[in-house]
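*Asks:* What follows is the residue order along each chain.
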Amino acid sequence: MELAMSSAIALLVFAGVYLMLRARSFDLILGLTLLSYATNLLIFSSGRLVAGKPPVLREGVAATTASYTDPLPQALVLTAIVIAFAMTAVTIVLAMRSRADNRSDHVDGHEDAPR
Amino acid sequence: MSIVIEIMLVVLLAVGSAFVLVGAFGLVRLSEFFKRLHGPTKASTLGVGCLLVASVSYHTFIGSDPQPRELLITAFLFITAPISAFMMAKAGLSLRMDDMPQLPGRAEDTHVPERPDHAPDERE
Amino acid sequence: MLELLLATPFVLALLVGLLPASRRRLAAWLAGMAPVIGLVLLALLTSLVLDEGAARSSREWIPGLGLAFSLRLDGLAWMFAGLVLGIGGLIVLYARYYLSQEDSMPRFLSLLLLFMGAMLGMVLAGNLLLLAVFWELTSISSFLLIGFWHHRSDARDGARMALVITGAGGLALLAGVVMIGNIVGSYELDVVLASGELLLAHPLYPWVLVLVLAAVFTKSAQFPFHFWLPQAMAAPTPVSAYLHSATMVKAGVFLLARLHPALAGSDLFFYLVSSVGAVTLLVGSWYAIFQHDLKGLLAYSTISHLGLITLLLGLGSPMAVVAALFHIINHATFKASLFMAAGIIDHETGTRDMRRLGGLRRLMPITATLAILASLAMAGIPLLNGFLSKEMFFAEALAIQGHDVLRTGIPVAALLFGAFGMAYSLRFVHDTFFGKGPRAVKGEVHEPPLFMRVPVALLVLACLAVGIAPGPTIGAALEIAARGVLGDAVPAYSLSIWHGFNLPLAMSAAGVLAGIALYFGLRRLFDLHAVVIRATGHRLFRLNIDSLLRNAQRATKAIANGSLQRSMVWLVLAAVAAGAAPYLASWPEGGPPVPDLAFGQPMGRLEWVLWVLLVGSTLMTLAHYRQRLLAVIVMGGVGLAVSLNFVALSAPDLALTQLLVEMVTLSLLLLGMHYLPATSPTERSLPRRLRDGAIAAVAGLGTGALAYSMMSREPVGIAEELLARSLPEAWGANVVNVILVDFRGFDTFGEITVFGIAALVVHAMLRRARMAPEAVMPGPPVKLPVPADLAQIMFPLTLTVSIFLFLRGHNAPGGGFIAGLTLAVPLLIQYVIQGATSVESRFGFDYIRLVASGLAIAALTGLAAMLFGLPFLTSGHYDLVLPLLGTIPLASAAAFDLGVYLVVFGGTMLMLSMMGTLKPSRLLEARTGVIDPARRSPLTAEVD
Amino acid sequence: MTPNGSPLGLLEPAIVASMFVVSVAMLLSLYRLLRGPTVPDRILALDTLSVTAIAELMLLGMYIKSSIYFEAALVIAMLGFGSTVVLSKYVMRRDIVE
Amino acid sequence: MSHLPILPVLLPLLGGALCLFVEHRRFGAIPQRTVAWLSMAATLAAAIALLGTASGGDVTAYLLGDWPNHLGIVLMVDRLSALMVLTTSILAAACLLHACSGWDRRAPHFHALFQFQLVGLNGAFLTGDIFNLFVFFEVMLIASYGLLLSGGRGVRMRAGLHYVAFNIAASTLFLIALGLVYGVFGSLNMAELSARIASLPPADLTIAKATLGLLLVVFCAKAALLPLYLWLPDAYARAPAAVAALFVIMTKVGIYATLRIGQLLLGEPAGELAGYGQDWMAWGAVGTLALGALGVLGAPRLRVLSAYLVVVSAATLFIAFSLRAEAALGAGLYYLLHSTFVVAAMFMIADLVRRSRGDEMRDLTHPVASPAVRKVAGVMFLVAAVSVAGLPPLSGFLGKLALLQAVPEADVAWVWTAILASSLMVIVGLVRAGSNLFWRVPPPLPEVVGAPPATTRPVETVATMLLLVLGVALSLGAAPVVEYTRATAAQLMSPQDYVRQVRDTDPAWRNP
Amino acid sequence: MFRRWFPSIPLTLSVVAFWLVMNDAFNPAHIAFGLLLGLVIPLFAARLDREFARIGSLRGVPRLLMHLLWDILVSNITVARQVLGRETRIHPGFVWYPLDIDNIHGIAALASMITLTPGTVTTTLSGDRKYLLIHVFNLDDADALIAGIKDRYERPLMEIFP
Ligand code: NA
Ligand code: NA
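Quick mapping for you: the protein sequence lines, in order, are chains A, B, C, D, E and F. Residue 86 in my numbering sits at position 86 of the first sequence, and the numbers go up by one each step. Residue 81 in my numbering sits at position 81 of the second sequence, and the numbers go up by one each step. Residue 463 in my numbering sits at position 463 of the third sequence, and the numbers go up by one each step. Residue 74 in my numbering sits at position 74 of the fourth sequence, and the numbers go up by one each step. Residue 164 in my numbering sits at position 164 of the fifth sequence, and the numbers go up by one each step. Residue 140 in my numbering sits at position 140 of the sixth sequence, and the numbers go up by one each step.
The following block holds chain A by itself, in its conformation from the complex:
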């Protein structure tokens, strides 16, 4: 399972970085979005992978890691998701404005990118 998760992270980073290195603002946004998935999964994994033990305490079950997974990485991922969302929103609007103002959706604002 760990290998599967790592490979998924690797693939997401690969796709994300490749798209992040493209010249069009929208591709860049797609890349950053994929990267943020990868990041979230990685932070999430820092609590290790535990199936079927959500950290919502139930009566009569001892509140230990034997019955519940580590809740902290989940809280971190939540924060990360929210922040990534905020950043994505700003980037999209910025891409729109840059496109409208500079007449190109090339990240450098002109069709012929510098070499």
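Read the hints as simulated data drawn from the structure, not as lab findings. There may be inaccurate statements among the hints.
No more than 30 Å apart at the CA atoms, straight line, and that leaves these computed lysine-lysine pairs for DSS-like [said to hold, decoys possible]:
# : chain 1 : residue 1 : chain 2 : residue 2
1 : F       : K150      : F       : K130
2 : C       : K783      : C       : K919
3 : A       : K53       : D       : K65
4 : C       : K557      : F       : K150
5 : F       : K130      : C       : K783
For chain A, the structure is supplied; the task is to place chains B, C, D, E and F with the ligands on it using the hints.
*Replies:* Frame of chain A; chains B, C, D, E and F with the ligands shown alone:
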């Protein structure tokens, strides 16, 4: 839990998952969009409905944590599925993916324009 | 008193500088007071210098850096201070009449006083760091003075060059001084001067010496840094007379003399200083002959005389030091008067070109007499002061001990110096005051105002007085100065004009004769007036600076070329390097870093399905990225897969949040796509794609490997304690939510701030934006009455669910963030189905204030804890018991979560409504294409 | 499974089998999502995927005897259609909010 | 208990929220400015008080939510954080003043964004939790996006896109590193991390190095170190003056973080990890210094030149901090103060110059036409240039001097060469810029048709002068400042004390 | 006055019911809070309500729902067989269904029911709201289909939404 209930649950599970599968199968198997549109929207509602009933009964009879609220999911699905289907169909029509008959009387619906003859015919 | 002496010019500089440009007379009077007061103070201090060797005062500035405001007036400083103040006074008087109406008198005099103060400070400094401070201050103020006529490009160039060269020297000095301080352990001059042996013996001594000499040579215009001085002649003449003859250029030799006790005495010092001095002396005097510009000639002559002084100091013998000091005074007097005379000529004739001048002795006899006398002093003719120090120099040159080359070379150089000096002095006199002319000069030429001549006359008088009666006039002063450098080692010497017929006298005579022959011979042989010898130094310098600037521009443009992709590539590469380096470094020992693949929990069926879902969607997103709509749809699969992974791996809250955010992000992307091209163009460069692919692959593999390596070790977190304390201390069963609103509530606090700001940013960027969609479908907006009606049933129910999720969040999956989005999404669907205007007209919340309220509520909830003397964000809990209704648990965390709820809802709605209700741009409308529905491809929903 | 929970012992195998079947359904939907060919097909596939995901979540909840996934399923049911609506609207008009 | 540590975060946050409430066309500018200034004044007062508590040398830990430090989030006040907060507040006051000359009315939400920027900056300086540091980085960044983009158009949007995209990428990397930090070390509290790293099993050394290396890369990217500085010149040069001036402190946040990590996590107790990455950063810094100085030389416009000055000062700081010597640290901190104020002033002057031309693209070879601007801006430029070039007697010289003195003998050669050579290049660049701008004779005035002759706005001038006066004050009253920075360095060099003081802080009423 | 504070009694009731089911608790506190929501939420929801349409007798609802459920069950099996069978036997087609009902709630309900019943999907409502375009999975007899829908759904709906 009585045997009857258990059998009932097993049947519900079987029927539900079977319909879910059929819906998805139709999605893969059928050859054009408007045909595919039928499979999932229907089978899923019934399939998921059965599974939800099974789940509610299961949680109720197993005594640990009765969950009648899961029925609300079904309720939501019954409201939203038609909206989804309606929107997807309209999207399909806007791309002229199938012929539609002339409206009897006056042609009014401006959002589904005439299909020109040279339009590409998308079939698999 | 020392402080007062130093402060006077600065205070007056400030006062003068604040005067309006029209108050010329007042400015001159005020400025004149500075040297007068200074001289009086200096005179009062003289006895102290005589009695105790030096007057001292010290004040702390920055003890931590060894920088103290200590002043020290010893003999050397006394002499220089006298020079600075005395000539300074004459210059002020001269400048009063020299400056024209267009030039701002207060500005000029203020800068002049600033320079005077800097020079005084350098001279008086009793701390090497303080000396360095004032040293650079002289550079800065001289830069401003040289560039006084900044409308002239030669003035700007000259000023820039002077600052760059002397500034570089200043940096070297700073380095040298810090080194000295490190070696000696103090920057106090008294300590440093007493540590000569320590310094000489130190392995870093050569470095110290080279650095200090770099400062000396640049400031005193020694070869090969001499070229800035002629360029600085673009300055107004008072500046040249003051800075470039009497004071600033002497700062270098002053420093040499100042540190003589500490640094001199080594072979390196001897060879380096004397040879540089000798070369400078020859180069300067030779070039001087061929200058057509009066001031140019004087400048090169100055270089040559500075070379002489440097050479003398380099020789190092006590007598040579005395000669150097004597020549410093003599040179200052005759050269300053010559510059002023040149200024007068320029002032009256409008030119300084000797080829156009001539015969001025008839038109301005007094000035001519004065200038001729000063020139003769410069040439070293007996009965004038220049002769005396020249004789001393010749005597020292002949007495050199050391290497053969120097033993013969220096006397030869001395002889040549005498001859060349005579030649250019003759040229100055002959070409200006005798012969035909002047030609093509402005108006009528006559004597300048009386007070413009007075300073010249006073200086020439001094030349004569010293030249005729050196003992009574200068003897005492020279003695004081020499004692300042040499201490008790001052040699016995006699200051008289006649030492009998000796070798130096013969050399003098030979030099004079050779000079006369040289001048007239040169004139005859090849027309002196036509010869233009260009000193290469400044051209080389300018070339270098120009190419430096050009190359800097080119390099900067090439490196920071404004390409985002380049920044990104470097970021990824840096990250890859940082991640891989430790593994690569440990490779030799432990073999290649292969993770233990056997580790791991078995994969369940669901996990496999989710893995396939995730991997498949990701790959397809990548494959379709150029068709943006397809990429966005397929990426929805990635999001769903990630959410389901969270579900499978015990994180329901995450799954919920991810799903909701997914939904809103999708909407934002689609809203944005309306204003962006539908596709990305094909990239031409295959190597580029391969390169990026390789980089991405390495980054991916690296991240994956790190992640695997992390996951395959024992968990070390703080989960146990969080789980154990969640319910009893934070009254919440959903530990993730407890962390969000309690344990790490401050993170959430920051997070909602980020979210709120993001919404504000979107609002700010779009509020006044007018944009044209990339392409539009024909026809009016679509009406969707059936979905609209059905969605209306949804809305109250989702509102209920939202409240449910909010209230239960502390004990079950949910919470403020999720609830906020749950409320926003159905509204979004309303926007989509019914159109923005119809929703906004009925649902007009002030979303901005909603965000602000949310932030305020969260903050105030946190503040409430302070009332109980507890830290910010400490949670509280109270069970409210009501009749009939039973116990209602109230938690402050819920209030905090309410803030979250409001911010999230308000922020999301603000973004969506801003993006949904953009005003079209009239200007850009023309660019918008109308799509022919028939030409759209069902495969991409775009026109191919 | 508790002894009183499933007299025939069929329930747990049935749940597992159902999860398997639903998983297959998810994969089939995924195939359509990735394969297309048309845009509405992909939207439809995404929609189906989220509905099958609800089924899978309910089965998972039965499997671990917990209702912890109720909220997730509810939200998918409630809002999963949102994506469908938004995407369809974009296909229709190239603008989702008019 | 004293709530002082939270105030520099809380006050601007409330101020920002309040700004949004009073923001309305109906109200005009006065209420917003009033709120902004009240908040600014309160924050400044809090910062001063904070410095007072920290100057004694104690480390104050403020346990948010009253949770023990390893469970919750803790705010840390030591000499360094107090100094940074105060620097930020002072700089911000000048920037706010500058903006109140008119820009605040042109940029929507300016005041709120400005206050939130302060929240982010102060939070980043005060937090003792590394994930919380990330959060406040983001607060700071997103507010900076707003400040950069609000009211802007055209090329600024492109520059903004670069700035935003690069920072998001860097933040993503930050998150990856944080995931690894928690996964490997099991804590996010910096004091706790310090202790855990000190007792790290040797088997974990490699992944620990990778993790911390990634963190350092992130901070270097934010601080604009080679090769990660490319984003900076354009973004800073395009920002409105008050904003660009405030941004000067933003690179310092990256430097601060590097310093914090370098001393607390990679300090002496870290054993084999002690000083990890410092050599690379030192070389990167030398390269940055060279390229930054080249940038100063080759800058086409004064704002770009100012932006490269930011790069140069960042590189100088990196060099100072990478020496890992107490005196060098102290010198670096002094230099940090100086460069913050003076470079910020330079941005304001550049704006005055730009406005006087009424033309964004004119380069440094075009003299300033308006006589009023020539005079005022010329004098201010002179002071700023002297200071920033490290010429005496202003603060830049003292900073450079302190740094030169502090270099350990083994490093003298390269450090001195780097610093002195770059100084010379900066001098050349500034002399060229100054003489072109203020000395050359402008073409006859009516070249720009219809544009009214540019004048100086008094408020703007006062704001700029304020910063310059601060620079002068830093040199005249250098002794206590130097003493404080030395003490700060000493405190930084003994992370064990820091960790102990944090760990010894017990919650007010909870069990530890 | 009453209308203003209680825009829709059915909505209030369904919100209360919804709340109680969702919380799975029927204690006084929950009922009180449910009532509060039932009071407040319709006020908000009313702001979205674009078209006010009357609601008539609800007596026909259970019967209608029974019909619907039965049809869903039966058609599901039919359609499943068709999906699993040979595709060439399927003859899909569009049908314009003429509407008699003009209450928008009714039209929406009808469109939903048609869609929920396997084998038929409502795709469009004509601009004049007089026709629904229905896509039929296997179209044998269009008129029979129209008649069936009219009989089983539209007529009962016209009673509920007059
Ligand atoms: Na729109
Ligand atoms: Na149907």
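*Asks:* Determine for every hint whether it applies to the structure shown.
*Replies:* Quick rundown of the hints versus the structure:
no.: 1; hint: K150/F / K130/F; in the structure: holds, 14 Å
no.: 2; hint: K783/C / K919/C; in the structure: holds, 20 Å
no.: 3; hint: K53/A / K65/D; in the structure: holds, 11 Å
no.: 4; hint: K557/C / K150/F; in the structure: violated, 75 Å
no.: 5; hint: K130/F / K783/C; in the structure: holds, 15 Å
In summary, the structure is inconsistent with hint 4 from the numbered list given earlier, while agreeing with all the others.
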